[in-house]
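Residue numbering for the sequence shown follows my numbering, beginning at 1 and increasing consecutively.
Fair warning: there could be bad hints in the mix.
Computed Cβ-Cβ distance ranges for the label pairs, DEER-style [to be verified]:
no., residue 1, residue 2, range
1, L217, E44, 30 to 38 Å
2, P228, E96, 25 to 33 Å
3, Q24, A220, 37 to 45 Å
4, A180, R7, 31 to 39 Å
5, K233, D10, 47 to 55 Å
6, N227, Q24, 35 to 43 Å
7, S167, E47, 21 to 29 Å
8, F79, Y205, 38 to 46 Å
9, E14, A220, 44 to 52 Å
10, P228, D157, 41 to 49 Å
11, P222, D10, 49 to 57 Å
In the BS3-like style, the derived pairs of lysine-lysine whose C-alpha atoms are separated by at most 27 Å in a straight line are [to be verified]:
no., residue 1, residue 2
12, K66, K12
13, K77, K66
14, K219, K201
15, K77, K21
16, K43, K77
17, K233, K244
18, K233, K143
19, K244, K201
Quick caveat, the hints were computed from the structure, so don't treat them as lab data.
Each residue gets a CB set at the ideal place from its N, CA and C atoms; glycine is no exception.
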Amino acid sequence: MNLRRLRREDFKLELLLGLGKTAQVYLARAPDGTEVALKIPRKEVREDERLAQMFAQEVRLSMGLKHPHLLRGLAGKPFGEGSFVALEYMPGGTLENRVRQGALPLLEALAYLGQLVEALIYLHGRGIVHQDIKPANVFMHGKVAKLGDFGVARTQDNPNPFERAGSPFYMAPEIFRGHAATPASDAYSLGVLAYELLTGKRPFYGDSYEALMAAHLTKAPPRLPDNPNLHPKLVQRIQGLLEKNPANRTTLERLQRSLGGYYTVEVAPKESKRKARGFRFLEWLQRRKKR
Numbered sequence: 001m002n003l004r005r006l007r008r009e010d011f012k013l014e015l016l017l018g019l020g021k022t023a024q025v026y027l028a029r030a031p032d033g034t035e036v037a038l039k040i041p042r043k044e045v046r047e048d049e050r051l052a053q054m055f056a057q058e059v060r061l062s063m064g065l066k067h068p069h070l071l072r073g074l075a076g077k078p079f080g081e082g083s084f085v086a087l088e089y090m091p092g093g094t095l096e097n098r099v100r101q102g103a104l105p106l107l108e109a110l111a112y113l114g115q116l117v118e119a120l121i122y123l124h125g126r127g128i129v130h131q132d133i134k135p136a137n138v139f140m141h142g143k144v145a146k147l148g149d150f151g152v153a154r155t156q157d158n159p160n161p162f163e164r165a166g167s168p169f170y171m172a173p174e175i176f177r178g179h180a181a182t183p184a185s186d187a188y189s190l191g192v193l194a195y196e197l198l199t200g201k202r203p204f205y206g207d208s209y210e211a212l213m214a215a216h217l218t219k220a221p222p223r224l225p226d227n228p229n230l231h232p233k234l235v236q237r238i239q240g241l242l243e244k245n246p247a248n249r250t251t252l253e254r255l256q257r258s259l260g261g262y263y264t265v266e267v268a269p270k271e272s273k274r275k276a277r278g279f280r281f282l283e284w285l286q287r288r289k290k291r
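Using the sequences and the accompanying hints, generate a full structural model.
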């Protein structure tokens, strides 16, 4: 069944998944039985030009981009009464739920990191800067991570969408200074997320926006803890994502090469049963330690 032709009323709402300032998200079912996350913007979003443009962009990009580690839009209406987007349902929730419990196991963290690197390289190759990389925008299904929420993305058609877009905890120094976002800005945000996955903590904290901005602008990022199972070159690459000067930052292509066999090629369970290379390596490492 071609879900792209469906209207909002064609979906049967089953469960409220989330209630935010701008939208409600429901677990819903299409007429053919497909489960989706149905995102419905609030009335005030539809009536505010800026917020309406954000939602419309999320609809267009999620339905237009095709990558195994980007959250896919299955149907949608960008503007007006009855606007919505039906996103693929990821029953594992978000990565934010995982990092609240502390650091992830090493190879699991690196596998997710590798998937996000692939997704960002794909976006950047199409002239898109995400601008809002954080655990709450990474959706999980089994061992698969997918980056979503493209509302504030910087695109070739919309090069200056919003000043200082994104979460201050993950924002690159140049964004705090009012500069336009670039792929290097996404790399910095990914570096903050990577540090959080590996340690269970963010590299920078502040009790106000100003304090957090000062930390990103002036404080040296803490070093990753020593880990004999983590290659020094990979540590250097991850640490290099947090360079203050975007020109000195690790590129995602270099990080991808350093990740090597750690990162996953797995796609969502319904699409494939292929196992993640990183998780196969983890199993081998665990067997080796038992000898």
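Open item on the list: Hint by hint, where does the structure go against what was stated? Just the numbers, ascending.
Closed with: none
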